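Put together the whole structure using the sequences plus the hints.
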Amino acid sequence: MKVEETKGFRVINEWLAANERHPFLFQLQAWQHIVNRESGLVNAPTGCGKTYSVFLGAIIQFINQHPGYYHSKKDSGLQLLWITPLRALAKDIGRAMEEVIAGLGMSWKVGIRNGDTPLAERAKQKRQMPEVLIITPESLHLLLAQKGYAEVFRSLEIIAVDEWHELLGSKRGVQVELAISRIVNSQGKLTNGKPALWGISATIGNLEEAKDVLLSPVRQTGIIIKANIQKKIEVESVIPDEIEKYPWAGHLGIRLAHKLIPIILQSKTTLIFINTRGMSETWYQTLLNVCPDLAGSIALHHGSIDMELRAWIEDNLHTGNLKAVVCTASLDLGVDFRPVETVVQVGSPKGVARFLQRAGRSGHSPDATSKIYFLPTHSLELIEAAALKSAMSENLIESRPPMMLCYDVLLQFLSTLAISDGFSQEETYAEVVSTFCYQHLTKDEWQQILYFVTEGGHAMHQYDDFKKIELEDGLYKIKSRKVAMRHRMHIGTIVSSSMMKVKFITGGYIGVIEEFFISRLDPGDVFTLAGRNLEFLMIKDMTALVKKSGSKKSIIPSWDGGRMPLSANLGKKLRETLDRSATGALKPGENELRSLQPLFELQQLLSHVPKQHELLIEQIETKDGFHLFVYPFEGRLVHEAMAAILAFRISLIRPITFSFAMNDYGFELLSDQPIPVDDTNVYDLFSPADLLNDIQRSVNSTEMAKRKFRDVAVIGGLIFQGMPGEKKKARHLQSSASLLFNVFAEYDKDNLLLRQAYQEVFDQQMEEVRLRDMLERIQHSKIVLTFPERLTPFCFPIKVDSMREDLSSEKLEDRVKKMQQQLEF
Amino acid sequence: MQNPFPHIIYKNTFWVSSERCVWWEEENTLIVSDLHLGKTGHFRKSGIGVPQGIYKADLQRLMAQLYFFKADRLIIVGDLTHSTENRELDHFKKWRKDFSLLHIDLVKGNHDILTDTWYDDTGIDVSAHHLVVKDFCFRHDLKIKHKETLPDGIVYTFVGHVHPGVTVKGKGRQTLRFPCFYFTAEHCILPAFSRFTGTYSVERQKNETVYAIAGNQLMHIL
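If you're matching them up, the sequences are chains A and B in order. Taking numbering that gives the first Met the number 0, the leading residue of the first sequence gets 0, the next gets one more, and so forth. Taking numbering that gives the first Met the number 0, the leading residue of the second sequence gets 0, the next gets one more, and so forth.
Please keep in mind that the hints were generated in silico from the structure rather than gathered at the bench. Just so you know, not all the hints are guaranteed correct.
Unchecked claim - Straight-line C-alpha distance at most 30 Å; calculated DSBU-like pairs for lysine-lysine:
#1 Lys-748(A) - Lys-144(B)
#2 Lys-466(A) - Lys-168(B)
#3 Lys-168(B) - Lys-748(A)
#4 Lys-552(A) - Lys-481(A)
#5 Lys-705(A) - Lys-93(B)
#6 Lys-168(B) - Lys-193(A)
#7 Lys-478(A) - Lys-55(B)
To be verified - Residues from chain B that face chain A, not an exhaustive set, calculated with beta carbons under 10 Å:
#8 Gly-40
#9 Arg-43
#10 Val-49
#11 Ala-63
#12 Asp-89
#13 Lys-93
#14 Pro-150
#15 Asp-151
#16 Gly-152
#17 Thr-156
#18 Arg-194
Here the structure is a predicted model, which is why all the values come from computation and not from measurement. By construction, the Cβ of each residue, glycine as well, lies at the ideal position given by its N, Cα and C atoms.
So this is what it looks like as structure tokens:
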């Protein structure tokens, strides 16, 4: 049946026409496939009707099913389940849907369910589900933790997963996979493709895989519908007036702050993206110092700032009352702010996708151009700007590899099922392995997981009280109310470090901050949060009490957010871009590279500018010792692991010890004796052979696994964390992750959660696959060894980074200046 | 196990053992703190599958220390048990019967919340606040001041409660934290005997002695 010939389509089309709109081609396609009861993935950028592609499809189908009385049909039960990663988006999407429903004169209701939904509203939903339910993955699992949940999904026609690219590649995505597998199977066998499953995703490198992951539980190939709406993006770099030939990270950005003022003043609203919360505080202060007139019309937005204040900032972004907002990834996602005309990215965005996403936050009408300025924090980052431009022109966007075999999420999920209606072993195993994440879960591992939740692993049976999931009439259930309640409070996979509220002693809430930062402060110390200098007074009731401080000097908190490494795509583009710089084959418009010519000339004079299929290694002797600099351009994580492996391999040639330093472009080994690397052994040192063994012998994976274990243990239900600022209730059940890690490592070393922590280290911390790819690539490249007489422009930022650890920032600045003078004379 | 270190306090010799206890030679008494027996059981009762092996190992270590020093008295300066009664504590009761000649004293700590009957049944003499032997005092928490006044003439006090740990800095920004014995001029804070415990950092001042426990080695921290 052609969708255009259906009643539902005619109704929708008339309504659209009445509002002077027409369906886009991709929407038509989506509707056709929805009417055919197929499943698939819609690939469309934000702000061009992606919501309608699935939502209106559901409406069309409903009208077709009830052509005579679709207006009046009430209480039809849940028709459309809309899963979204962002609470903040729910309200706006709900409002847009309600508008359509009202416009069509239908009796559908739209409900929202997330952490903010009041209890009364939930109870109402339980009595009568709305036709559309907008829900987060966490709340969806909470729904599965309710007795009789299957009833809720009986009438369900379509499951939509919005922003699937955001969920994919995280444990929240795994949560979605598991929930879907349960919902589609909860009515017994899969019948005539019901419910249909639709993902909505922005462009990512592995779109096909994204679709396969989503549809795995319904065992369908499905279809990808592409919107093919190309948004125009204009990138402009802020080029410093004078290029430093010896660049170093961190200080150049601030010196260019004055160049931002005209940009801010000439556009309606500007978002300024900074990579870290700490730096965003500094930038906020600096902009106010450079242009005091901005006071009152500029705001600071990051994850540690009070929710209410953030909501206020977001409201004022909507209304256009703010001229500029300095922000971090906290504003990466979410509803569009129409007044935003310009975006500034300070420092490397680390990946093409992230840069595009941020650029896309400006210029919202369909044919407007998004304008993004790139402001480098050191001059070498200008190469990155050129690389980004060329990656964008080729649409080379990163993949989001899905997470595999997350035992912790599975453990949590099994407990969730066990507190509602219980689960049966055969059925649930079949469902779990139907998901992409657990497709390779063996029977043996499944038994181990069951053993862990029913018996608690190995124990002294006679003297054991273990109690969690019990088998009763073939169903696994949790019967203890206490255990069930605690579990309900901990459903979710986002693990935050323990946070403390910050309040004025006179009252007034400022935000939250990591407990470990506060614990290092003495009363009287001044620190910066939310753009204010605050004097720390005391800790009371798990809250840090402060007062305003007039002090000029303050400590900027270093938040322990992970530092993102450069993506593989961007690394590849960087190598290509350097190639063009080395050969002088610059494209028109690559002003960044042109401005860097003096730096490249010096680099070439002292050493070499590596071409695409070359690996540059510099050996330099200074008064600090013997340096070996290597430039693979693979991101700091890979460099960190590679440095350790290389050091280990060199030490096999001759006993020698090193210290390491690295950035996203390369790494350094430093020793007090000459480093025995030359063209006779260099290919062997970078060989992929025996990599796994060498990793295990060189990298301190135990320490890394210990850090990963925290999240795994929290998700897997071994550690209970309270809410920020709330005293932990179960005092006698407290233990730290590192203590548990040691206990498991010693007494239950085959524990699955422990194994998972190690696996996560290999996959995420060391990016083992990427490391291996890099070594393969190097084997087919030309390794260029140079012996410069002094430090080169390429190695300088790495060298400065290695000094950073021992020096305060003022001393560092002085020393770097001295070094620059000595080198540049 | 490494040989214990002698530590002389007012002409008494206290042998510091890498197994987290001290043997008082003159009184043939083993002094320990913070055993937290039943902790794994308590976790397991709440559905957290901590391996019970660590509880078993703790008891075995205690037994080995009692045999090694041939002690006839055991003083526990608090937190013998972790929480309410459970099967692990039943097991401990049985274990206790095998040492019927051993005299056990417990100075109550904040975790010692069992009934008097339980201590009676288990053959443990309980002191609510402190225990004095010769001129030496045994208490749980140094910071808590009791109304009850301590007798005059006390020269030295042994306490537990804080689970002291010391941070040792190595090359290349590496830091390691070890449980430790912390001796000042007036008191000694004992490490937690149980290995299923965390540590709280202490910083050594001048004229204080800290022995870190690294695996089964003692290190005199200077």
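To see whether the hints hold, each was checked on the structure:
1. Using a Cα cut-off of 30 Å, the hinted pair Lys-748(A) and Lys-144(B) is violated, with the two alpha carbons roughly 43 Å apart.
2. At roughly 41 Å between alpha-carbon atoms, Lys-466(A) and Lys-168(B) are farther apart than 30 Å, so this suggested pair is violated.
3. At roughly 28 Å between alpha-carbon atoms, Lys-168(B) and Lys-748(A) fall within 30 Å of each other, so this suggested pair holds.
4. At most 30 Å may separate the alpha-carbon atoms for a hinted pair to count; Lys-552(A) and Lys-481(A) exceed this at roughly 49 Å.
5. Of the pairs offered as hints, the one joining Lys-705(A) and Lys-93(B) is violated, with about 36 Å between alpha carbons and a cut-off of 30 Å exceeded.
6. Among the hinted pairs, Lys-168(B) with Lys-193(A) is inconsistent with the structure: their alpha-carbon atoms are about 61 Å apart, more than 30 Å.
7. Annotation: proposed proximity of Lys-478(A) to Lys-55(B) holds, straight-line Cα distance about 28 Å (limit 30 Å).
8. Hint status for Gly-40(B) relative to chain A: holds, with the closest Cβ pair at about 5 Å, below 10 Å.
9. Taking 10 Å as the C-beta contact cut-off toward chain A, the hint placing Arg-43(B) at the interface holds, the least distance being around 4 Å.
10. At a threshold of 10 Å, the smallest CB-CB gap from Val-49(B) to chain A is about 6 Å, leaving the interface hint in force.
11. The interface hint given for Ala-63(B) is violated, since its Cβ lies 17 Å from the closest Cβ of chain A, which is over the 10 Å cut-off.
12. Hint on Asp-89(B) holds. Least Cβ distance to chain A is approximately 6 Å, under the 10 Å limit.
13. Interface restraint check: Lys-93(B) against chain A, minimum CB-CB distance 9 Å, threshold 10 Å, status holds.
14. Hint status for Pro-150(B) relative to chain A: violated, with the closest Cβ pair at about 33 Å, above 10 Å.
15. The beta carbon of Asp-151(B) comes no nearer than 37 Å to any beta carbon in chain A, farther than 10 Å, and the hint placing it at the interface is violated.
16. Contact between Gly-152(B) and chain A, as hinted, is not supported at the beta carbon level, the nearest pair being about 37 Å apart and thus beyond 10 Å.
17. For Thr-156(B), the interface hint is violated, since its Cβ never comes within 10 Å of a Cβ in chain A; the closest pair sits about 26 Å apart.
18. At a threshold of 10 Å, the smallest CB-CB gap from Arg-194(B) to chain A is about 8 Å, leaving the interface hint in force.
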